[in-house]
Amino acid sequence: MPAYKAPPVVVEPSSGWTYQATAYGWATAINGETGVRNLPPVDVDVSAWDALKHLDGALMGSFMAKNDKWMILTDLIYANLSAGGSFGRNDTGVDVSLTQVIASGLVGYRLPLGLPENVELSATVGFRYQHLKADVDISPTLFPVEISREGTKQWIDPTVGFSLHYDINEKWFLNVIGDVGGFGVSSKLTAQGFAALGYMWTPSISSAIGYRAIYTDYEDDGFLYNVTQHGVFTSIAYHF
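The sequence shown runs 582 to 821 under my numbering.
Just so you know, the hints here were simulated from the structure itself, not pulled from any lab data. Note that this is a predicted model, so its numbers are computed, not measured. Incorrect hints may have been included.
Claimed, not checked - Quick list of in silico lysine to any residue cross-link-like pairs, SDA-like style, CA-CA up to 25 angstroms: (1) K647 / K769; (2) K650 / L745; (3) K634 / N612; (4) K734 / F708; (5) K634 / V682; (6) K647 / G774; (7) K714 / V682; (8) K769 / A610.
As the list claims (entries may be wrong) - Using C-beta positions, here's what the derived DEER-type ranges look like: (9) P622 / E698: 48 to 58 angstroms; (10) W651 / G803: 35 to 45 angstroms; (11) W598 / S628: 34 to 44 angstroms; (12) H820 / E698: 16 to 26 angstroms; (13) E698 / F821: 41 to 51 angstroms; (14) Y659 / D802: 19 to 29 angstroms; (15) T815 / F708: 17 to 27 angstroms; (16) P784 / S628: 37 to 47 angstroms; (17) T599 / D716: 37 to 47 angstroms.
From the three backbone atoms N, C-alpha and C, an ideal C-beta is built for every residue, glycine too.
Let's have the full structure, built from the sequences with the hints guiding it.
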């Protein structure tokens, strides 16, 4: 009697892709200058605390997919805030209201540099889309009048950069992202720097704290936006 032979076990191949959905908050200071419709540029110097006090609403999040070689990352920032400033010898008062959307995406490829398995260094290419609506109210100190202007602009910049992920141990990790772009396509220059230290609470949940900065130098048809946004970043992420 022939021996019974069990049927072979069929193992479905894994796609190798993992995913991460992240919600975060960014306490953003704003430094630079902005101008609308050929009005004199307005110096803006707003601390992160002042920005939070004048924040009317915000929505921030990102989604990432990756395997052993490729990474796809999308990111969305919406913020509505107000700021004050002055210009001229007479310190003419200015109120600026900004509504901003920053949507970005990138594709990264892990560089075959023979780094340790716990270090992932990728070269990235992507884009940064910005939509900015600015309302400017000017109150001259020498005249009892108020001048109001409104401007809306949107533009897309190409970016190139890098992404670094370092697993310090089974729980702690470090993420770093940097890019530069614009190159005169829309902005004269745009750049981003981000670094965060994170902790895996469970295999599915992590949190992180770090610092992020985005610089944009954009000018078109009397609309000026030469600003650095920077501040502390905190997040919570779901991995699956």
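Unmet hints by their number, sorted upward, for this structure: Going through the list in order, the structure violates hints 1 and 13 and respects the others.
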